Amino acid sequence: MDHWICEGIGFEQSALIPLLDSEKLLQLLKEKGSSEITDEALGADYTSGTNQEKVDILMDSFVVDEDYQLPELLLKKDGKNVLCWATAEDDRYFLLYSPRYPWDKSGGFKSLQEVMQYICGLVRPYCRDDVMEDEILGIIDPDVYEHGCG
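Heads up, the working numbering is the position in the sequence shown plus 3, with the first residue counted as 1.
If you're looking for bench data, these hints aren't it; they were derived computationally from the structure.
Do not rely on the hints blindly, as some may be mistaken.
As the list claims (entries may be wrong) - Have a look at the derived ranges for each label pair, beta carbon to beta carbon:
{"hint": "1", "residue 1": "E10", "residue 2": "Q116", "range": "15 to 21 Å"}
{"hint": "2", "residue 1": "Q120", "residue 2": "E43", "range": "38 to 44 Å"}
{"hint": "3", "residue 1": "Q116", "residue 2": "K79", "range": "20 to 26 Å"}
{"hint": "4", "residue 1": "K35", "residue 2": "L115", "range": "28 to 34 Å"}
{"hint": "5", "residue 1": "D146", "residue 2": "G110", "range": "17 to 23 Å"}
{"hint": "6", "residue 1": "D63", "residue 2": "E149", "range": "31 to 37 Å"}
Said to hold, decoys possible - Think about it this way: if two alpha-carbon atoms lie no more than 16 Å apart in a straight line, the pair counts; the simulated EDC-like pairs of lysine to aspartate or glutamate are:
{"hint": "7", "residue 1": "K80", "residue 2": "E39"}
{"hint": "8", "residue 1": "K27", "residue 2": "D133"}
{"hint": "9", "residue 1": "K27", "residue 2": "E56"}
{"hint": "10", "residue 1": "K35", "residue 2": "D81"}
{"hint": "11", "residue 1": "K35", "residue 2": "E75"}
{"hint": "12", "residue 1": "K83", "residue 2": "E117"}
{"hint": "13", "residue 1": "K27", "residue 2": "D59"}
{"hint": "14", "residue 1": "K33", "residue 2": "E43"}
{"hint": "15", "residue 1": "K33", "residue 2": "E75"}
{"hint": "16", "residue 1": "K27", "residue 2": "D132"}
{"hint": "17", "residue 1": "K79", "residue 2": "E34"}
Predicted model only: the values in this text are computed from it and were never measured.
Beta carbons: idealized from backbone N, C-alpha and C, even for Gly.
Assemble the whole structure, with the sequences as input and the hints as a guide.
Right under this line is the structure:
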């Protein structure tokens with residue numbers, strides 16, 4: 004029997020997808036070292052698609068089908084090394100700032116707002132230019148708590 008828990012301040016991957024910029028996401032994937040991302044692999048639908056269609060192609064072809072997820076890629080950008088990624092049993096993926104004991108490394112955060120701003124700053128470079136900070140903050144759940152066993 005397995006037990007899992009996703010607890011902390013953060014967001015679920017699907018909440019971020021509508022805010023993403025396809026070219027910025029493509030660059031993030033290329034930074035990962037995905038040599039399979041070529042013009043041929045992207046295809047004509049990618050070239051002629053809208054931003055959201057392009058994001059969907061990237062997610063379907065180069066994220067979901069791989070051994071990594073978007074929160075895991077963003078985790079590599081965590082300069083304070085305080086975030087984690089977790090998955091729920093229904094294939095939902097989370098980027099989280101986990102609850103911490105006072106004696107644990109906290110990243111220097113003194114409030115919930117500071118944590119949310121940190122996560123927002125980490126995500127912002129991959130969002131469309133027209134996405135406002137409030138929209139990003141709106142996907143960040145201050146009380147993620149998912150658990151289960153099976």
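Which earlier hints turn out false for this structure, listed by number in ascending order? 6 and 7
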